[in-house]
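Novice: Residue strings, one per chain:
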Amino acid sequence: MRKVSRLSRFNIASLALGLAFLYLPILILVLYSFNASRLVTVWGGWSLRWYRELFNDRAMIEAVWMSLRVAVSSATIATLLGTLAAVALSRGERFRGRTLFSGMLYAPLVMPEVITGLSLLLLFVALNAERGFWTVTIAHTTLTMCFVAVVVQSRLGSLDRSLEEAAMDLGCDPVRAFVAVTLPLIAPAIVAGWMLAFTLSLDDLVIASFTTGPGSATLPIRIYSEVRLGVKPEINAICTLVIALIAVVIVIASLASKLSSSQGESAAPL
Amino acid sequence: MAEELPGTDVAAEAAGGDAYPAAGGPLLRIEGVAKAFGTFRAVDGVSLDIKAGEFFALLGPSGCGKTTLLRMLAGFEAPDEGRILLGGKDIAQALPHERPINMMFQNYALFPHLSVRDNIAFGLKRAGMARADIATRVAEMVALVKLEGLEKRKPDQLSGGQRQRVALARALARRPQLLLLDEPLAALDKKLRENTQGELMELQRRLGMTFIIVTHDQEEAMTMASRIGVMKSGKLAQVASPRELYEAPRSRWIAEFVGDINLFDGESKLRDGHRLVIGTRDAGALVVAEPREPVGAGRFSVAIRPEKVKLSRRAPASEAGRETAINTLDGVIADICYLGGTTTYKVKLDTGGMLQASVANSARIDVDAYSLNQHVVAWFTPDDCVVLPS
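Taken in order, these protein sequences are the chains called A and B. When we follow this note's numbering, the leftmost residue of the first sequence carries the number 1, and every step to the right adds one. When we follow this note's numbering, the leftmost residue of the second sequence carries the number 1001, and every step to the right adds one.
Just to be clear, a hint being listed does not mean it is correct.
[Unchecked claim] Which residues of chain A face chain B? A few of them, derived with a C-beta cut under 10 Å, are:
id	residue
1	Asp160
2	Arg161
3	Ser162
4	Leu163
5	Ala166
6	Asp169
7	Leu170
8	Asp173
9	Arg176
10	Ala177
11	Ala180
12	Val181
13	Pro184
14	Ala187
[To be verified] What the simulated footprint calls covered on chain B by chain A, stretch by stretch (three residues with Cβ under 8 Å from a Cβ of chain A suffice, anywhere in the stretch; the number is not a length):
id	stretch
15	1091–1100
16	1123–1132
Simulated from the structure, these hints should not be mistaken for laboratory data. Note that the structure is predicted; figures quoted are calculated from it, not measured. Glycine included, every Cβ here is placed at the ideal spot set by N, Cα and C.
Work out the full structure: start from the sequences and follow the hints.
Specialist: Okay, structure coming up:
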């Protein structure tokens, strides 16, 4: 018993350190977003001044809007394609070059973003595509699709194949069996995949800066270019809002997965 | 209950109103069906007729192809060769949902996201049944498998036995012409398994439905089935009633697979009317009844079930005054295995071999029980022996 309690004290200390390491910078950022002072490092009392200025900063608001649009559309397309790829890989007949295909699908997971960004830029230039919203969306779809495929494929892999067979036995053609049985069971993974894709897209700076065009900067690009001229407290404010948004999404996601598991879903942990 | 779910109604409904030529011909005819996975021939030329209302068991060790054959009947695998005729119609290439056949899966394959009620109703909804009819049928099925009060539970809130019942109810709900059961009791413990065997048989009789069960458990097959097909390496080794399979196995392998048996290899030496004398290495000369299909000279195995072997302290001729053409073997008790209802003695024969004898423990206090190393005479009649080609 004594050994356990000693160990747990060590655990508490390491946990506290770890959490501090992760969240202290964020806490400071949030705190200073309510700073009245213009100087980022000097505390001048509470104020919502920078939030007001932020909402008057048209360029920043446009960047936020651009980022959200890109994130939602690229996450949606990536989820669709990634789910299809996962289904093809784990459910389809063993086609020729299947191993190669799955290897290629996962390449973006390990590919340096600079290379992905550069190659996409070269492609868009070669195609003479006008760079902007759509090029960034396509680039982000390329980036995030493999993450969705990985998440969905692991769920499909843990799913008993005889469930689909039972559905077919009970009168479903293969497509209906998929919709009626498989889809509801992998839905948590699909939702998780979408949210992963959404946050990855929202977060990405490198690929977006390669593939975007003039006048359509995403939020990370905007923030990065602003910070190069010195950190404005306004940046703290927008970052705080982004953190709040992500926190809300995470809470909703965990509530949703809890709800679906309490409904008797014996889903494998995602 | 038989009036509620008559067999003819079952057939007509499942076929979507088509009248099947039920009279005379078999319900299911399997003709030269073969299926290979790569170079491995899982099912290798199986032909079999199954009559309506039969409880048929496919029995065999794992990897013998019985599950593959069942999956071909369900439509999850397409045979490479041969035909599968259901009521005269070839369904070998039909998809699972196009067949009036349902299957109960080994792991039950209940839909985890649906309640008991929705699991049972799943196939009925697909068949386009009216809502009210579905509710009636589900209630009927729930009552049939005694799951009242659990309709709203999800599969993971049920015990193993309850899940098994849901799976059965779901497979029966569409009133298939043929119900396939893939090792339906393998996941249950022994006591529950025995009860469920009885319930399955009762249900099958009451519904007048045709059941095909796949099992590796010979006791289970013997208990439930009216006919058993023993499979070995993709082929049907013997199709027979449980009694015939046990008492008249067609080969040495079947004799050993179904139940316990003593086997003595030897050569035929002498024919005397309906009697055959076979000289064996381990048990000396044995007098056996000539098999129904006459055999020539050559090498044979003599097979005797342990419960057909009697033990006594003295030679039986002086004890019972039986006819002389009897096999008596002297030996000593080498091993005693008390099993409750019976005791199995292993007798080391003076001629060299070992002989198992199973004796019923008909009295609670048995002063006559044999002890280790005791000298005994083992005897059996020629009719209790089966002659098998080696």
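Novice: Are the hints correct? Go through all of them and say.
Specialist: Verification of the supplied hints:
1. Asp160: Because about 6 Å separates A/Asp160 from the closest Cβ in chain B, which is inside the 10 Å limit, the hint holds.
2. Arg161: holds (9 Å)
3. Ser162: holds (4 Å)
4. Leu163: holds (5 Å)
5. Ala166: holds (4 Å)
6. Asp169: holds (5 Å)
7. Leu170: Holds, because the Cβ-Cβ distance from A/Leu170 to chain B comes to roughly 3 Å (cut-off 10 Å).
8. Asp173: Since chain B brings a Cβ to about 6 Å from A/Asp173, closer than 10 Å, the hint holds.
9. Arg176: holds (8 Å)
10. Ala177: Holds, about 8 Å.
11. Ala180: Constraint on A/Ala180 satisfied, holds at 8 Å.
12. Val181: Result: holds, 6 Å to nearest chain B Cβ.
13. Pro184: This hint holds: A/Pro184 lies near chain B, its Cβ roughly 5 Å from the closest one there, short of 10 Å.
14. Ala187: Check passed: Cβ of A/Ala187 comes within 9 Å of chain B, closer than 10 Å.
15. 1091–1100: holds (count 3)
16. 1123–1132: Answer holds; 3 residues pass the 8 Å Cβ test.
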